[in-house]
Amino acid sequence: MIGVYIAIGVVVLLAIILIAIYNGLVQKRIACNEAWSQIDVQLKRRYDLIPNLVETVKGYASHESETLENVIKARNSAIAADGVAEQAGAENMLTGALNKLFALSESYPNLKANENFAQLQEELTSTENKIAFSRQHYNSSVSIYNVGVQKFPANMVAGMFNFIKREFFELDDAEQREAPSVKF
0 MIGVYIAIGV VVLLAIILIA IYNGLVQKRI ACNEAWSQID VQLKRRYDLI PNLVETVKGY
60 ASHESETLEN VIKARNSAIA ADGVAEQAGA ENMLTGALNK LFALSESYPN LKANENFAQL
120 QEELTSTENK IAFSRQHYNS SVSIYNVGVQ KFPANMVAGM FNFIKREFFE LDDAEQREAP
180 SVKF
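So that you can map any letter, position 154 of the sequence shown is 153 in numbering that gives the first Met the number 0, and since no number is skipped, the others follow by simple counting.
Don't read these hints as lab results, they were simulated from the structure. Source: prediction; values computed, not measured. Even for Gly, the Cβ is constructed at its ideal location relative to N, Cα and C. Treat each hint with caution, since some may be false.
With a straight-line cut-off of 35 Å between C-alpha atoms, the simulated DSBU-like cross-links for lysine-lysine are [as the list claims (entries may be wrong)]: (1) K164 x K43; (2) K129 x K72; (3) K72 x K57; (4) K150 x K129; (5) K99 x K129.
Distance ranges between label pairs, derived from CB positions [claimed, not checked]: (6) P152 x N128: 33 to 43 Å; (7) A19 x E63: 52 to 62 Å; (8) R44 x A112: 21 to 31 Å; (9) K150 x Q118: 40 to 50 Å.
When you get a sec, could you build the whole thing from the sequences and use the hints?
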């Protein structure tokens with residue numbers, strides 16, 4: 000009779016451990032999703048600022064249409080990107096296009112002095128800083144989740160319930176690792 004109680008106790012204990020591990024993995028997965036959502040919010044803010052910036056530049060440098068078109072094309076690609084790796088690649092392209100747009104302001108003193116342009120640059124710089132922070136938070140959340148998915152015995156639970164490793168949000172190009180420089 001005591002053996003039956005011990006067996007039931009062991010089964011209950013194992014069930015409690017399994018539930019605790021599963022709930023911990025769910026919590027870590029939700030943290031990753033929430034961190035990605037924060038990146039998404041900041042990227043949307045960035046995408047919303049870009050058309051205003053392009054319109055302001057257009058008034059002063061309309062013959063620079065190729066640069067302006069590249070910024071819009073890069074913005075649209077970034078909006079359409081799906082998945083972490085594709086999003087990171089699209090953001091690299093967009094940051095490069097924005098750097099070229101800001102470089103234009105050096106050639107146009109009236110544009111550089113425009114209050115609307117200066118305000119948009121300041122908002123974009125602030126947004127870039129928030130994006131960088133959000134990326135850092137996301138990557139930290141992914142790291143914690145990935146460790147949780149790979150550690151024993153959680154890796155067994157992760158395998159049973161299809162918890163898979165997540166990708167980090169990494170920038171490929173060393174030049175793209177910094178926010179666009181804003182000079183007045």
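Right, here's what the structure says about each hint:
1. K164 x K43: holds, 26 Å
2. K129 x K72: Holds, at roughly 23 Å.
3. K72 x K57: holds, 15 Å
4. K150 x K129: holds, 32 Å
5. K99 x K129: holds, 21 Å
6. P152 x N128: 33 to 43 Å: Holds, since P152 and N128 (Cβ atoms, about 40 Å apart) stay within the stated range.
7. A19 x E63: 52 to 62 Å: holds, 59 Å
8. R44 x A112: 21 to 31 Å: At 25 Å between Cβs, range holds.
9. K150 x Q118: 40 to 50 Å: About 48 Å separates the Cβ atoms of K150 and Q118, which means 40 to 50 Å holds.
The structure is consistent with each of the numbered hints, conforming to all of them.
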